[in-house]
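Visitor: Residue strings, one per chain:
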Amino acid sequence: MSATASATTPSDVLATFHEVGKVFQNGVVALAGLSLDVRRGEFLTLLGPSGCGKSTALRLLAGLIAPSSGKIHRGDAAAGEIGFVFQEPTLLPWATVAANVRLPLRLKNIEGEDNRVDEVLALVGLEEFRDAYPRELSGGMKMRVSIARALVTRPQLLLMDEPFAALDEITRFKLNDDLLALWRRLECTIVFVTHSVFESVYLSRRILMFTPRPGRVAAEFNIEAPEPRAGRFRTSPEYGEQCREVSAALARVMGEP
Amino acid sequence: MTGRPSPLSPLERISRFVLPALALLLALTLWEVIVRANALPPYILPAPSLIFRTLVADWGVLSDSLWVTLRTTALALLAATVGGVLLALLFASSRLIELSLFPFAVILQVTPIIAIAPLLLIYLEPNTAVLVCAWIVAFFPILSNTALGLASVDHDLRDLFSLYGASRWKTLFYLRVPAALPYFLGGLRIAGGLALIGAVVAEIAAGTAGSGSGLAYRIVESGYRLNVPRMFAALLLISLAGIAIFAVLSLLQHIILRRWHESALGRER
Numbered sequence: 001m002s003a004t005a006s007a008t009t010p011s012d013v014l015a016t017f018h019e020v021g022k023v024f025q026n027g028v029v030a031l032a033g034l035s036l037d038v039r040r041g042e043f044l045t046l047l048g049p050s051g052c053g054k055s056t057a058l059r060l061l062a063g064l065i066a067p068s069s070g071k072i073h074r075g076d077a078a079a080g081e082i083g084f085v086f087q088e089p090t091l092l093p094w095a096t097v098a099a100n101v102r103l104p105l106r107l108k109n110i111e112g113e114d115n116r117v118d119e120v121l122a123l124v125g126l127e128e129f130r131d132a133y134p135r136e137l138s139g140g141m142k143m144r145v146s147i148a149r150a151l152v153t154r155p156q157l158l159l160m161d162e163p164f165a166a167l168d169e170i171t172r173f174k175l176n177d178d179l180l181a182l183w184r185r186l187e188c189t190i191v192f193v194t195h196s197v198f199e200s201v202y203l204s205r206r207i208l209m210f211t212p213r214p215g216r217v218a219a220e221f222n223i224e225a226p227e228p229r230a231g232r233f234r235t236s237p238e239y240g241e242q243c244r245e246v247s248a249a250l251a252r253v254m255g256e257p
Numbered sequence: 258m259t260g261r262p263s264p265l266s267p268l269e270r271i272s273r274f275v276l277p278a279l280a281l282l283l284a285l286t287l288w289e290v291i292v293r294a295n296a297l298p299p300y301i302l303p304a305p306s307l308i309f310r311t312l313v314a315d316w317g318v319l320s321d322s323l324w325v326t327l328r329t330t331a332l333a334l335l336a337a338t339v340g341g342v343l344l345a346l347l348f349a350s351s352r353l354i355e356l357s358l359f360p361f362a363v364i365l366q367v368t369p370i371i372a373i374a375p376l377l378l379i380y381l382e383p384n385t386a387v388l389v390c391a392w393i394v395a396f397f398p399i400l401s402n403t404a405l406g407l408a409s410v411d412h413d414l415r416d417l418f419s420l421y422g423a424s425r426w427k428t429l430f431y432l433r434v435p436a437a438l439p440y441f442l443g444g445l446r447i448a449g450g451l452a453l454i455g456a457v458v459a460e461i462a463a464g465t466a467g468s469g470s471g472l473a474y475r476i477v478e479s480g481y482r483l484n485v486p487r488m489f490a491a492l493l494l495i496s497l498a499g500i501a502i503f504a505v506l507s508l509l510q511h512i513i514l515r516r517w518h519e520s521a522l523g524r525e526r
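Line by line, the protein sequences give chains G and S. Under the working numbering, the residue at position 219 of the first sequence is numbered 219, and the numbers go up by one with no gaps. Under the working numbering, the residue at position 125 of the second sequence is numbered 382, and the numbers go up by one with no gaps.
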C-alpha cells in the first residue's frame with residue numbers, strides 16, 4: 001500500500017498549459033496567461049477563491065471547452081482517458097446505481113465489461129447498493145457513485161471539481177481518506193479543485209494557488225507529510241503549519257494585509 | 258430524503274374521501290327535496306333520481322354514444338401523442354425548424370376550436386373532422402411540454418456525455434428522452450382532458466349539421482326534444498369519462514415515475 005508521491009522529471013508531464021487565456025461570450029475574462037504542468041501520478045490541487053477560474057481550467061483540461069488563447073497539450077491522456085467528477089453527483093435519476101456506473105462504458109461502446117462495474121462499486125464500498133436509485137442514497141453515497149462512474153473507464157487522469165463542497169464535515173473527511181486510498185491503489189493522476197485550504201493541504205502533494213479573476217498561478221506549494229496520510233495528519237503540527245503557510249499566501253493573493 | 262410535507266394522519270386520509278362524498282350526497286338530497294317540494298316538471302329540472310333512472314333506461318343509446326366519444330378521444334390523444342412527440346424531437350434536433358414552426362403551433366392553440374370546427378366540417382367527413390378537432394386541442398400541451406423537457410437537461414450531465422464522446426443519438430435516447438419523460442407525462446395528463454373537450458365541442462358543431470352520435474350529440478338532440486333528464490344523464494357520462502381519463506393518465510404517470518422522480522416520491526419507505 002505504499003506509494004511514491006511525486007518524484008518527477010519533465011518527461012513525467014501528463015499535460016501542459018502554456019499562457020492559456022479564456023474569455024467567455026459574455027465578456028468575462030476567466031483566465032489570462034495561465035501556465036502549469038500536470039505530472040504523471042501526482043495529486044495536484046488547484047486552490048483559489050470562488051470565481052477565480054479554477055473550474056474553468058479543469059474544464060479546459062478535460063477538453064469540454066476550448067481556450068481563447070494559448071496552448072494546451074494533453075499528451076496521451078486523450079479525452080477518453082479522463083474521468084470527471086462534478087461538484088454535484090450528476091447522476092441519472094432514472095437509472096440504478098449500477099446503470100449509472102456503467103454509463104461511460106455504454107457511451108464509449110465498451111461491451112461485456114460488467115465486472116468492471118462491480119469492481120469499481122466495491123472500490124467505493126457500494127456493492128450492496130447496485131440496484132438502488134440515486135434518490136434512495138445519501139449525499140455522500142451519491143458522490144461515491146459519481147467517483148465510481150469516473151473510475152470505470154480506468155482513466156489515467158481523474159479531474160474533480162469541488163466534489164465534496166456540498167457535504168457535511170464528517171462525510172467529507174471520510175471521503176478525503178477514501179479518495180487518498182483510491183489514489184494510492186490505482187496510481188492515477190488526480191487534479192482536484194477546491195477553495196478549502198485545509199482540504200487542499202490534507203489531500204495534495206502539490207498545490208497551485210490561483211489569483212482572483214482573471215486566474216493564473218500565483219504560488220506553488222509542495223506538501224510534505226508522512227505516508228500514508230490519515231486522520232492523525234489532520235491534527236498534527238506539520239499539517240497546521242502548512243495550512244498556516246498556504247492561508248497566509250492566499251490572504252496575500254487576495255490583497256489582504 | 259423526502260421532499261414532501263409531513264404525512265397525513267389516517268383521519269385526514271379518510272376525510273379526503275368521506276367529506277367530498279358527504280357534500281355531494283347533501284347537495285343531491287337538497288336537489289331532490291327542492292324538485293319534489295315544488296313539484297317541478299322534468300323539462301324544467303329533473304330530480305337526481307329521475308336522471309339516474311333515465312341513465313339506466315336509456316343505457317343502450319347512451320352507452321353507444323359514450324363508446325363513440327371515448328373512441329374519438331382516445332384516437333385523438335394517440336395521434337396528439339405521436340404528433341406532439343415527433344414534432345418536439347424535430348424541434349430539439351434543429352433550432353431552425355423550431356423557430357420556423359413553433360409560431361404556427363401557437364396559432365393553432367390560441368384559435369378557439371369552436372371557431373375552427375365549422376370550417377373543418379366543410380372539408381372533412383364529420384367523424385374525421387371531430388377527430389381532427391380533438392387532435393388540435395390535445396397536441397399542443399404534449400408538444401410544448403415535451404420540447405421543454407428535451408431542452409431541460411442538466412448541463413453537467415450534458416458535459417459528461419460529451420466527455421465520453423456520446424453520439425447525438427445516444428445523448429438523445431440515454432439522456433434527453435428520459436429527462437423529458439416527466440414533462441411529457443404532465444403534458445399527456447392535460448392533453449387527455451383537452452382531447453375530450455375537443456371531441457365534445459366538435460360533436461356539438463357537427464351534431465347541429467345532423468350527423469354524429471357521440472355523447473355531445475345526444476345532449477344537443479335531447480335538448481331539441483326537451484328531454485332534459487337525458488341531457489343530464491349524457492352530461493354525467495361526459496364528466497365521468499373525463500374523470501376516468503384523468504385517473505388513468507395519473508396512474509400511468511405514477512407507475513412510470515414512481516421509482517425515481519420527485520413527483521412520485523413516497524412519503525415513507
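None of these hints come from the bench; they were simulated from the model. Quick reminder that beta carbons are idealized off the backbone N, C-alpha and C, glycines included. Hints may be right or wrong, so weigh each one.
Just so you have them, the derived chain G footprint on chain S, three or more residues with Cβ under 8 Å [unchecked claim]:
| # | region |
| --- | --- |
| 1 | 366–376 |
| 2 | 418–424 |
For the chain S half of the interface with chain G, some residues (derived, Cβ under 7 Å), not all of them [unchecked claim]:
| # | residue |
| --- | --- |
| 3 | K427 |
| 4 | F430 |
| 5 | P435 |
| 6 | R516 |
Visitor: Against each hint, give a clear statement of whether it holds in the structure.
Guide: How the hints compare with the structure:
no.	hint	in the structure
1	366–376	violated (count 0)
2	418–424	holds (count 6)
3	K427	holds, 6 Å
4	F430	violated, 11 Å
5	P435	holds, 5 Å
6	R516	holds, 6 Å
Of the numbered hints stated above, those contradicted by the structure are hints 1 and 4, listed in ascending order.
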